[in-house]
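Assemble chain W onto chain E, guided by the hints.
Single-letter residue listing:
2 protein chains.
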Amino acid sequence: MNIDMIRAAADRAAGHVRRTPLLNSPFLDDVAGRRVWIKAEALQHTGSFKYRGAWSAISALTDPGGIIASSSGNHAQAIARVAHLHGREAVIIMPDDAPKMKVDNTRALGAEVVFYDRMAGVDRDKMAEDMARDRNLHLIKPFDHPQVIAGQGTTGLEIADQARAEGITKGQVLVCCGGGGLTSGIALALEAEAPNFRVHPVEPEKFDDVARSLKSGQIETNAQTGGGICDAIVTPAPGQLTFPHLHRLCGPGFVIPEDDCLRAMAHAFSRLKLVLEPGGAIALAAALFHGDQIEGDDVICVASGGNVDADMFAHALKVYAQ
Amino acid sequence: MNIDMIRAAADRAAGHVRRTPLLNSPFLDDVAGRRVWIKAEALQHTGSFKYRGAWSAISALTDPGGIIASSSGNHAQAIARVAHLHGREAVIIMPDDAPKMKVDNTRALGAEVVFYDRMAGVDRDKMAEDMARDRNLHLIKPFDHPQVIAGQGTTGLEIADQARAEGITKGQVLVCCGGGGLTSGIALALEAEAPNFRVHPVEPEKFDDVARSLKSGQIETNAQTGGGICDAIVTPAPGQLTFPHLHRLCGPGFVIPEDDCLRAMAHAFSRLKLVLEPGGAIALAAALFHGDQIEGDDVICVASGGNVDADMFAHALKVYAQ
Chain E
1 MNIDMIRAAA
11 DRAAGHVRRT
21 PLLNSPFLDD
31 VAGRRVWIKA
41 EALQHTGSFK
51 YRGAWSAISA
61 LTDPGGIIAS
71 SSGNHAQAIA
81 RVAHLHGREA
91 VIIMPDDAPK
101 MKVDNTRALG
111 AEVVFYDRMA
121 GVDRDKMAED
131 MARDRNLHLI
141 KPFDHPQVIA
151 GQGTTGLEIA
161 DQARAEGITK
171 GQVLVCCGGG
181 GLTSGIALAL
191 EAEAPNFRVH
201 PVEPEKFDDV
211 ARSLKSGQIE
221 TNAQTGGGIC
231 DAIVTPAPGQ
241 LTFPHLHRLC
251 GPGFVIPEDD
261 CLRAMAHAFS
271 RLKLVLEPGG
281 AIALAAALFH
291 GDQIEGDDVI
301 CVASGGNVDA
311 DMFAHALKVY
321 AQ
Chain W
323 MNIDMIRAAA
333 DRAAGHVRRT
343 PLLNSPFLDD
353 VAGRRVWIKA
363 EALQHTGSFK
373 YRGAWSAISA
383 LTDPGGIIAS
393 SSGNHAQAIA
403 RVAHLHGREA
413 VIIMPDDAPK
423 MKVDNTRALG
433 AEVVFYDRMA
443 GVDRDKMAED
453 MARDRNLHLI
463 KPFDHPQVIA
473 GQGTTGLEIA
483 DQARAEGITK
493 GQVLVCCGGG
503 GLTSGIALAL
513 EAEAPNFRVH
523 PVEPEKFDDV
533 ARSLKSGQIE
543 TNAQTGGGIC
553 DAIVTPAPGQ
563 LTFPHLHRLC
573 GPGFVIPEDD
583 CLRAMAHAFS
593 RLKLVLEPGG
603 AIALAAALFH
613 GDQIEGDDVI
623 CVASGGNVDA
633 DMFAHALKVY
643 AQ
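Residue numbers (this note's numbering), protein chains in the order written: chain E, 1 to 322; chain W, 323 to 644.
Worth flagging that the hints you see were computed from the coordinates, not collected in a lab. Glycine residues also receive a C-beta, built at the ideal position from the N, C-alpha and C atoms. Just so you know, not all the hints are guaranteed correct.
As the list claims (entries may be wrong) - Pulled from the structure, derived: some chain W residues nowhere near chain E, Cβ distances all over 12 angstroms:
#1 R410
#2 G613
#3 I616
What the hints assert, rightly or not - Calculated lysine-lysine pairs in the DSS-like style (CA-CA distance at most 30 angstroms, straight line):
#4 W/K424 / W/K448
#5 E/K100 / E/K318
#6 W/K640 / E/K100
#7 E/K318 / E/K206
#8 E/K141 / E/K102
#9 W/K448 / W/K463
#10 W/K640 / E/K102
#11 W/K640 / E/K318
#12 W/K422 / W/K448
#13 E/K318 / W/K422
#14 W/K424 / W/K463
#15 W/K448 / W/K640
#16 W/K528 / W/K422
#17 E/K100 / E/K206
#18 E/K318 / W/K424
To be verified - Cβ-to-Cβ under 10 angstroms is the rule here; a few derived chain W residues that face chain E:
#19 H367
#20 Q546
#21 Q644
Just chain E, same shape as in the assembly (with noise of 0.2 angstroms):
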């Protein structure tokens, strides 16, 4: 992993992966007591900044065939569309008990879903290593995967540039933070593009597994590996590939309350008209609510959309909306 792959990639995704704004508002920046900026990975296509890894791995194949890619949500969608673009077949494995929505958009989006017994303690990992095989597909892993890592620090470049054209010369970014493909590479790109910029991932209580590794210097594990409303950035450790990177780089890892993620949805709604999912609002609920943990006058956010239920967003509305 360097500057260059990503440099590379976001040659390969010109054109083809939107570059999303950069957003602010006057009420958010009062609400936070400092510049608040957002970036809007929820207008990627597909609705969230998984796009630009999927986009970034399979422009990157040299060999045909098809892709295969275990997920049950924004990574699914993203290899679904960007398979399809490709003229490529793409087969998603999925949980027998996915949420009937997402497995209907991956359909929709032109992919073949494969389900699995999630209760019979099927290994995924190894069955889509043995699909891969079976039938000579290249499997995509959501975050451990160079060309995912590289498509995910596409939004750093775009950052740095638009922080340049906003005059912020330095600051915190914060981002939601699963697995770590986003994470490390942001920090890749902007300690390439923007060095006075600090990277901070975000996660929800009991899913800290990547502010724990980052406190202790090791990757640790979270005790649960599902539930929540912020399951999009669910994952049971930092990855292999994006730990040393998140180590060397980033930090410390912020931990909010999921409740403090509906709030920010809510906030997203009526001050930037933009609709987030909850562990896509996070870094937003960190700026906003969690400010005395941030150092400085601007905090940059990355925001992500994925498939938001009607009834949870509904309901964030209902309780925190102004």
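For chain W alone, kept in the frame of chain E given last:
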């Protein structure tokens, strides 16, 4: 009014007014049966295209002095914010039954709010003119003002540019339409920059003054002057300045049931991660649900945000979200 004024407005806006993205989604294309492009003005500062007109009008002033405007909605907040950024006082005249959220937002953006008794038959326009004279303020009307039309027209310059980048060489442009400032501005811009695009105003049922005026060739008025969920785009009649341009360049107008705006809001939520208000969703509603009235392979819809009532948004999701 001419294209040079729009280009000059764009020059004054550079670095201050957002260049909003042109979004799309394969899901929306499927619903519409053609390619649908959404010019996301909901992402403009203060949540609506009104910011463009406000920036254009205030940045064009050569004399000192504050601003006065009469509006209970998006024009009010745009004027409040832009006046504040120019170091000018802003006075906004609102009906005394304006929603608290809109009053609060306008004040929070730095304006003084002056109420009038809407039931007492006060002539709001005369009140604004009297106050402008007495307090030596610049009156900026919401649509019948050359520099406001020029500012809204910058949306059209961006559409021409973004359509070119997407390889769209001709098509229909649907615009949410009240008094016609945005519609006429976009039509003037496209006449010069992309003459293969035809502009159509879109209005809600019962408030179809522009559609009827285009048919009859003269300014027609609405029987009702208020009410309905599309309040952001309800005006008594097209403007004296806007109508000649609308008549020369636009039409036919499309007239859409209110409920389809709520459906379009739910689609924008799911597929674009964008929050629209009913009046701001009406062009998308026409493209998605009334495609039989539209010709060609590509339709571009202007979509705006404003101050969306959270309860109404939750209702739209409950009824129409997928």
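Hints the structure fails to honour: Violated hints: 15 and 20; rest satisfied.
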